[in-house]
Amino acid sequence: MRNLLKLLYTYNYLILFLVLEGFSLFLVIEGSEFHHARFVNSTRSFSGAFFVKMNEFNSYFGLKEQNAVLAHENVQLKNLLEQYRKREITRPDTIKDTLRQPKYSYFEAKVINNSVNKQYNYITLDKGSDDGVRPEMGVISAQGIVGVVQGVSKHFATVISVLNLDFKVSAKIKKNDFFGQLHWDGISDSYCTLTDIPQHVKFGKGDTIVTTGFSSIFPNDITIGTVESFDIKGGNFFTIKVKLLNEFRKLNYVTVVDDIFREERKSIENTKKND
Amino acid sequence: MIKEFYKNIGSFVFLVLLQVLVLNNIQFSGFVNPYLYILFIILLPFETPKWILLLISFALGFTIDLFTNTLGMHAFATVAIGFARPYILRGIAPRDGYETGTKPGINFFGWDWVLKYSLAMVLIHHFVLFNIETFKFQMFFSTLLRIIFSTIFTMLLIVLSQLITQKR
Numbered sequence: 042m043r044n045l046l047k048l049l050y051t052y053n054y055l056i057l058f059l060v061l062e063g064f065s066l067f068l069v070i071e072g073s074e075f076h077h078a079r080f081v082n083s084t085r086s087f088s089g090a091f092f093v094k095m096n097e098f099n100s101y102f103g104l105k106e107q108n109a110v111l112a113h114e115n116v117q118l119k120n121l122l123e124q125y126r127k128r129e130i131t132r133p134d135t136i137k138d139t140l141r142q143p144k145y146s147y148f149e150a151k152v153i154n155n156s157v158n159k160q161y162n163y164i165t166l167d168k169g170s171d172d173g174v175r176p177e178m179g180v181i182s183a184q185g186i187v188g189v190v191q192g193v194s195k196h197f198a199t200v201i202s203v204l205n206l207d208f209k210v211s212a213k214i215k216k217n218d219f220f221g222q223l224h225w226d227g228i229s230d231s232y233c234t235l236t237d238i239p240q241h242v243k244f245g246k247g248d249t250i251v252t253t254g255f256s257s258i259f260p261n262d263i264t265i266g267t268v269e270s271f272d273i274k275g276g277n278f279f280t281i282k283v284k285l286l287n288e289f290r291k292l293n294y295v296t297v298v299d300d301i302f303r304e305e306r307k308s309i310e311n312t313k314k315n316d
Numbered sequence: 029m030i031k032e033f034y035k036n037i038g039s040f041v042f043l044v045l046l047q048v049l050v051l052n053n054i055q056f057s058g059f060v061n062p063y064l065y066i067l068f069i070i071l072l073p074f075e076t077p078k079w080i081l082l083l084i085s086f087a088l089g090f091t092i093d094l095f096t097n098t099l100g101m102h103a104f105a106t107v108a109i110g111f112a113r114p115y116i117l118r119g120i121a122p123r124d125g126y127e128t129g130t131k132p133g134i135n136f137f138g139w140d141w142v143l144k145y146s147l148a149m150v151l152i153h154h155f156v157l158f159n160i161e162t163f164k165f166q167m168f169f170s171t172l173l174r175i176i177f178s179t180i181f182t183m184l185l186i187v188l189s190q191l192i193t194q195k196r
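Keeping their order, the protein sequence lines are chains R and D.
All you need for the numbering used here is the position in the first sequence, starting with 1, plus 41.
All you need for the numbering used here is the position in the second sequence, starting with 1, plus 28.
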């Protein structure tokens, strides 16, 4: 027993080293679980307050560009509205369909912290659980998808960016609806990779890639990017390099998407699994 | 002694804020991420007990982690250099050891010593950090490139900080 204590004493430095490294490694591996922990939530509101101040200062530099983007989006929305109006006028006898409620609700949020240069990039928003943000909501901008909400505190939310090795989303070629899986390769902040598109599918450079709406995170047909290049690497599938439409370095205002029927959809999908 | 303690707390807070509010916002090509905060570990006095060194390293890395949403990664890398520091210091010690009252830094040692010492620390830290961040060996070369570029920039900042604090 005494020898054991002596041993512990002589190697206490090494033991402390191993314990600390073990704990860190544990945090790295189990990290996503800890994002929901209360402790991390409280530090999130602390660091969030910092980032708000920082962002107030920074946002002045992007006002001009932001205006251009908003004007552009306005025009698009007006065009869309015009299309719907036309439809109403040409078919005045349509019966009002009460089942056609909105499926998604949107609310706007501001990016207060953002990174693009890591392997696991996260975005912090200035809206939290008090504003109705919940984990697993989609985040989009006028140009395309941005990420998925991961954790929320009262006034802030962290978002897994598209530029995160953990981020995966199903995406399709807009032209012909063939879908595959989109993920980031960790190299450049303007390209993603789309896999699982079968070899017989015809498409070309510049074709638009959009979301599928299979998961309840993103609505259907939200733009992601355009085809930059493609090749066949073993197997029967294309590996497509997708140029992202979003400029992740310049994100400022984003839209959080809330799927209104999420609970209903989840419950029915789960019952199927249990059978 | 007490004064020294407050000075250290001050530089801890300063380096963390500098890292989180300024350096982490340098989004330059994705290959350049300077991590100057380890300067705190580099500049700790020689007499710091080894176990305190480890605990301080962990606290520093963990603080950075909380701000960057990377739980554990910076803590792991920083504890690694906290562990390696005594061995590096022993490896490059002057012939008659370190005199009492001296501290690591340009004010007591030449550029040759400072560069050797900090390059070893920065390289180990960046190597561990970027590899644990990627966690894959198939991206080894792109990670290696990130390590090299980031090390160059961190070293530039360390040299700059030494020039600023140099007493004439």
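Be aware that a few hints might be false.
What the hints assert, rightly or not - Ranges of calculated distance between the beta carbons of each label pair, as one might list FRET restraints:
(1) D:Leu151 x R:Lys243: 36 to 42 Å
(2) D:Ile120 x R:His113: 24 to 30 Å
(3) R:Leu122 x D:Leu49: 41 to 47 Å
(4) R:Asp272 x D:Phe59: 53 to 59 Å
(5) D:Val187 x R:Asp207: 35 to 41 Å
(6) D:Arg123 x R:Asp272: 55 to 61 Å
The hints are simulated quantities; they were obtained by calculation from the structure and are not laboratory data.
Just so you know, even glycine gets a beta-carbon here, dropped at the ideal spot from N, CA and C.
Outcome for the supplied range 35 to 41 Å, where the beta carbon pair is D:Val187 and R:Asp207: The hinted range 35 to 41 Å holds for D:Val187 and R:Asp207, with Cβ atoms some 36 Å apart.
Outcome for the supplied range 55 to 61 Å, where the beta carbon pair is D:Arg123 and R:Asp272: Once the Cβ atoms are compared, 60 Å apart, the range 55 to 61 Å for R:Asp272 and D:Arg123 holds.
CB-CB spacing for R:His113 and D:Ile120 relative to the 24 to 30 Å hint: violated, 59 Å
Outcome for the supplied range 36 to 42 Å, where the beta carbon pair is D:Leu151 and R:Lys243: violated, 50 Å
Hint check for D:Phe59 and R:Asp272 - Cβ pair distance inside 53 to 59 Å: At roughly 24 Å between Cβ atoms, D:Phe59 and R:Asp272 fall outside 53 to 59 Å, so the hint is violated.
Cβ separation of R:Leu122 and D:Leu49, checked against the hinted range 41 to 47 Å: At roughly 42 Å between Cβ atoms, D:Leu49 and R:Leu122 fall inside 41 to 47 Å, so the hint holds.
Of the numbered hints listed earlier, those contradicted by the structure are 1, 2 and 4.
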